[in-house]
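**Student:** Sequence:
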Amino acid sequence: MSKKAYPLRNLSLQAIYDKLFAFYGPQHWWPGETPFEVAVGAILTQNTNWANVEKAIHNLKKHGVLSSQAIHGLPVDRLAALIRPSGYYNIKANRLRAFIDYFADNYKGSMARMKKANDKTLREELLALKGVGQETADSILLYALDKPIFVIDAYTKRILSRHGIMETSASYEAYQQLFHNTFDKDVTLFNEYHALLVRVGKDYCKPEPKCAGCPLSNS
DNA sequence: GACCAGGCACATC
DNA sequence: GATGTGCATGGT
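Sequential numbering from 1 applies to the first sequence in my numbering.
In case anyone wonders, no lab produced these hints; they're calculated from the structure.
Hints are supplied without guarantee of correctness; some may be wrong.
As the list claims (entries may be wrong) - Pairwise CB distance ranges (calculated):
(1) N94 x P207: 44 to 52 Å
(2) G164 x K108: 45 to 53 Å
(3) S169 x E33: 34 to 42 Å
(4) Y24 x A51: 39 to 47 Å
(5) N10 x Y88: 35 to 43 Å
(6) A104 x S12: 42 to 50 Å
(7) A15 x H63: 43 to 51 Å
(8) T48 x A22: 27 to 35 Å
(9) M166 x V187: 18 to 26 Å
We put the beta carbon where it would ideally sit given N, CA and C, even for glycine.
Can you make the complete structure from the sequences, with help from the hints?
**Tutor:** Here it is, written out as structure tokens:
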């Protein structure tokens with residue numbers, strides 16, 4: 001636990017959700033037009049500001065290559081140039097290609113077809129891809145495929161640890177289990193809750209916290 | 001100029 | 001299993 005004192009309440013996961021939703025209202029995530037775009041965004045946003053991801057996706061759209069077939073036919077260095085604003089562009093170009101190869105080979109480039117597959121199988125398949133870790137896999141499962149899987153990210157860990165709910169050092173699985181054991185598996189709730197955590201994280205729960213005015217703070 | 005952002009793989013101990 | 005490092009842009 002952080003030794004620094006934050007002006008915090010002793011809040012349950014349910015209470016945190018209620019307060020965030022009351023304060024912010026629905027977040028309408030994921031910010032993407034199609035399930036495929038959501039999956040691409042999930043890879044591009046790794047350790048990256050969303051505004052930069054939007055620039056990269058805009059480039060893909062502008063050049064008419066935001067589809068699995070189009071990206072598949074693109075030389076990797078050309079793809080890298082288009083997604084440049086999202087950072088780590090060489091690595092991410094290869095990660096996108098790896099996902100799209102898998103997507104084309106196994107589901108014929110159809111998110112609808114992919115959605116019909118078993119949740120656990122899909123998660124294992126995604127995690128087997130180079131460049132898809134737990135957060136990216138779960139983001140695709142929840143936000144592109146409507147699977148009831150909670151997404152854990154840096155904000156989730158930071159917020160829950162500062163509220164004394166779980167140590168920062170606890171594993172991804174431990175955090176995820178906490179949500180899965182606390183709530184019924186509800187796609188709408190999981191969608192909204194993770195989005196709200198990101199929102200309050202951006203507004204108040206940065207590495208250097210700004211607790212004044214935070215809906216989870218006493219101050 | 002420093003810090004931060006909706007991670008991940010890989011090397012090393 | 002824990003810890004360190006490379007990957008990179010763009011906004012504040």
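**Student:** Take the hints in turn and mark each one as holding or not.
**Tutor:** Going down the list of hints, with the structure as the test:
1. Against the hinted window of 44 to 52 Å, the Cβ-Cβ separation of N94 and P207 comes to about 29 Å, which falls outside the hint.
2. For G164 and K108, the Cβ-Cβ distance of about 48 Å falls inside the hinted range of 45 to 53 Å, so the restraint holds.
3. Checked against the hint of 34 to 42 Å, the pair S169 and E33 passes, with Cβ atoms roughly 38 Å apart.
4. Distance hint check: the CB atoms of Y24 and A51 are about 19 Å apart, inconsistent with the given range 39 to 47 Å.
5. At roughly 39 Å, the beta-carbon separation of N10 and Y88 lies within the given 35 to 43 Å, and the hint holds.
6. At about 44 Å, the CB distance of A104 to S12 agrees with the hint of 42 to 50 Å.
7. For A15 paired with H63, a C-beta distance near 47 Å keeps the hint of 43 to 51 Å intact.
8. The supplied range of 27 to 35 Å is met by T48 and A22, whose beta-carbon atoms lie about 30 Å from each other.
9. The supplied range of 18 to 26 Å is met by M166 and V187, whose beta-carbon atoms lie about 23 Å from each other.
In this structure, the earlier hints numbered 1 and 4 are contradicted, and the remaining ones agree with it.
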